[in-house]
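K.L.:
Each chain, written out:
Protein chains: 2
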Amino acid sequence: MMKAGRGVYWRRRRLMCNKSLLTSQNLLLLKSSPRPLNCVDHRPHVITHAPYNEYKATEIDGKLIANDIKATLATEVCNMRSSIQKVPGLGVILVGKREDSLSFVRIKKKACDKVGIASVVLELPEDCTQVEILNAVEMLNHKESIHGILVQLPLPSHLSEEKILNAVNVEKDVDGFHPVNMGNLAMTGREPLFTPCASRACIEVLHRYGVEIIGKKAVVIGRSMITGLPTSLLLQKHHATVSVVHAFTSNPEHITHEADILVSDVSVPNLVRGHWLKPGVVVIDMGSTLVKDNNSSNGTRVTGDVCYDEAILKASLITPVPGGVGPVTISMLLSNTVEAAKHAYQWTEQS
Amino acid sequence: MMKAGRGVYWRRRRLMCNKSLLTSQNLLLLKSSPRPLNCVDHRPHVITHAPYNEYKATEIDGKLIANDIKATLATEVCNMRSSIQKVPGLGVILVGKREDSLSFVRIKKKACDKVGIASVVLELPEDCTQVEILNAVEMLNHKESIHGILVQLPLPSHLSEEKILNAVNVEKDVDGFHPVNMGNLAMTGREPLFTPCASRACIEVLHRYGVEIIGKKAVVIGRSMITGLPTSLLLQKHHATVSVVHAFTSNPEHITHEADILVSDVSVPNLVRGHWLKPGVVVIDMGSTLVKDNNSSNGTRVTGDVCYDEAILKASLITPVPGGVGPVTISMLLSNTVEAAKHAYQWTEQS
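So the sequences go chain by chain: A and B. The numbers in our numbering rise by one with no breaks, and the one at position 302 of the first sequence is 302. The numbers in our numbering rise by one with no breaks, and the one at position 134 of the second sequence is 134.
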């Protein structure tokens, strides 16, 4: 087959770009997914913020975004209940008594309560067997009132995370960690049923603050299954030019310094210093580490990957930790669960 | 949980790197896959080539590599036949009479014959229905003598490529296009049963010519499901720092100029010019376009994406088109099929 020459190809795509045929906002709508469960749009408006100046970045208010999403979801759940006398259900599997896992599950359960999602937590002992946890997954897979299943990670090392996550019904995989969902996230022209919540939160934050993604240079530090990897895939799906930096990267600051959008997810406090950043960059800090803090009432505080005091002088927008992407991530879990229930009941706001 | 500080984290990983605990050669062996079907190692030796000089790159001999792999596979198939009176089987589904598809299928069938793989081609008319092709897939899924299934792409536009490829049994998905295989390719710490052939060919060529991948900057131009996307994921799995350039990337030459390894897969002749390249770069040209050529007997010739005459003066190693990655890609299809059969029969050379 004869192809157009180099110049024509590149020029044609540029024209598409200039004409804004595809923008970050409408990208998902253009996808040819038969069931675009991720296409729910909670974005009633773009948050206005001060233009970039050389002195201080605008801090992204994750709680504000999360509350707005939760309010929309609460209305939707209320309408579902009135319309078909059903509510979305989330099943959580919690193994052991890790303090951080217990805290995360508590937060997720509270968020479910707030929007009217029914949640159940199956608690298994630290020394439970693979068969026991697989049975718990299977039970939730078959339970009609459960539309989303979440296995709280990390699992004790004697359990196969891979086998357990693969056992979750793809249509209830609201964490988006099933390889079918991850594969469809990666593949050009495909849409997963569910996208991992932290990655959706990253895009949501960018949308809410009017950050154009298409054609922008995005650098993701870290490639974890939960956050870094799916975020790089999702940014690429939104037509960013994505580079992934990891522990084997030499001079990572040379690469991050080119970024228009920088995402960090390695949970290494103060990894990203001011000189790693291009002036005006948008910084999404997804790291979360508990560090000692003698000024805090319990002697600890949560911190991100970015040296905030330095970054705020270089970036145009920045997410704080805590209060940045975290709350939006929780609201995305709720959103995925509501979408799963809507699909299961074949219900829409209009139905 | 308390984490080590920035310096410690980065230093620890560097130490791992310096100690060569992980090298490109042994990376796959370290993976914890239950069934590492992709771990077959056809690499008896590294091809020696002249050191990089500023005048001319060494041309990678894809045919030489492919013949070596095919010889190894032929021996393996012969041993399988002697040992269990079985041979690997490849089922090909061909829809319509596209000249390029007919040609590709002919080449694949001939390659199968050469190593002793039994191949069958199911030919369906251009106007066949979705149900007819799904029935053909299902028939091959259940046929015991068929261990690999290949649906020749592209399909006519009235057929859903997604639904048809998803119907292929994951354990016979020798093209590696099933979302489960693609998801496991993408996910950190997972291994797909099969990796797309062109991507495996890229890594094979790099290994054969002794190109270290770990920690290197790799730039992939293009993000097609067949080649660009899985190649970027596979390079990342081998710990390269990967950037993906596509049609929405501004000034792609600024990014490609940083690459230690450049892969191009957009089938746009002469897209990659000399000034896009860093001196000493390794160039893997995966583009393939039929262009007019009055000097050729049939008036056409196949060309890649890279302006070869310019690139050969900048690169250290370069794949020609034709005769570069193409023949190795075919041999990777054979390799995947042999691995599928070995798994199906639970047979190894030692058994």
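If you are wondering where the hints come from, they were derived from the structure by calculation, not from laboratory data. Every residue, glycine too, gets a C-beta built ideally from N, C-alpha and C. Mixed in with the good hints there might be a few duds.
Calculated pairs, EDC-like style, for lysine to aspartate or glutamate (alpha carbon to alpha carbon, straight line, at most 20 Å) [as the list claims (entries may be wrong)]: (1) B:278 x A:258; (2) B:86 x B:258; (3) A:278 x B:309; (4) A:278 x A:310; (5) A:63 x A:99; (6) B:86 x B:132; (7) B:342 x B:113; (8) B:86 x B:113; (9) A:163 x B:171; (10) B:163 x A:310; (11) B:86 x B:171; (12) B:143 x B:171.
Just so you have them, the derived chain B footprint on chain A, three or more residues with Cβ under 8 Å [unchecked claim]: (13) 198-204; (14) 223-233; (15) 342-350.
K.L.:
Regarding the pair residue 86 (chain B) and residue 113 (chain B), is the alpha-carbon distance no greater than 20 Å?
P.N.:
With Cα atoms ~15 Å apart, residue 86 (chain B) and residue 113 (chain B) stay inside 20 Å; holds.
K.L.:
Given the hint that residue 86 (chain B) pairs with residue 258 (chain B), does the C-alpha gap stay at or below 20 Å?
P.N.:
Roughly 49 Å between the alpha carbons, so the hint for residue 86 (chain B) and residue 258 (chain B) is violated.
K.L.:
Are residue 163 (chain A) and residue 171 (chain B) close enough, with their CA atoms no more than 20 Å apart?
P.N.:
holds (16 Å)
K.L.:
With the threshold set at 20 Å, check whether the alpha-carbon distance from residue 342 (chain B) to residue 113 (chain B) stays at or below it.
P.N.:
Distance ~18 Å between residue 342 (chain B) and residue 113 (chain B) Cα, so the pair holds.
K.L.:
Would the pair residue 86 (chain B) and residue 171 (chain B) pass a check requiring their Cα atoms to be no farther apart than 20 Å?
P.N.:
holds (18 Å)
K.L.:
Hinted pair, alpha-carbon criterion (20 Å max): residue 143 (chain B), residue 171 (chain B). Please report holds or violated.
P.N.:
holds (13 Å)
K.L.:
Confirm or reject the coverage of the segment 223-233 of chain A by chain B under the rule of 3 or more residues with a beta carbon closer than 8 Å to the chain's beta carbons.
P.N.:
It holds, with 5 qualifying residues against the three required.
K.L.:
Holds or violated: are the alpha carbons of residue 63 (chain A) and residue 99 (chain A) at most 20 Å from each other?
P.N.:
violated (23 Å)
K.L.:
Would the hint linking residue 278 (chain A) and residue 310 (chain A) be met if the CA-CA limit is 20 Å?
P.N.:
Holds: residue 278 (chain A) and residue 310 (chain A) sit about 12 Å apart, inside 20 Å.
K.L.:
Verify the proposed pairing of residue 86 (chain B) with residue 132 (chain B), using a straight-line Cα cut of 20 Å.
P.N.:
violated (29 Å)
K.L.:
Checking C-beta pairs, does the segment 342-350 of chain A have three or more residues closer than 8 Å to chain B?
P.N.:
violated (count 0)
K.L.:
Is residue 278 (chain B) within 20 Å of residue 258 (chain A), Cα to Cα?
P.N.:
holds (18 Å)
Consistency with the previously given hints fails for numbers 2, 3, 5, 6, 10, 13, 15, ordered from lowest to highest.
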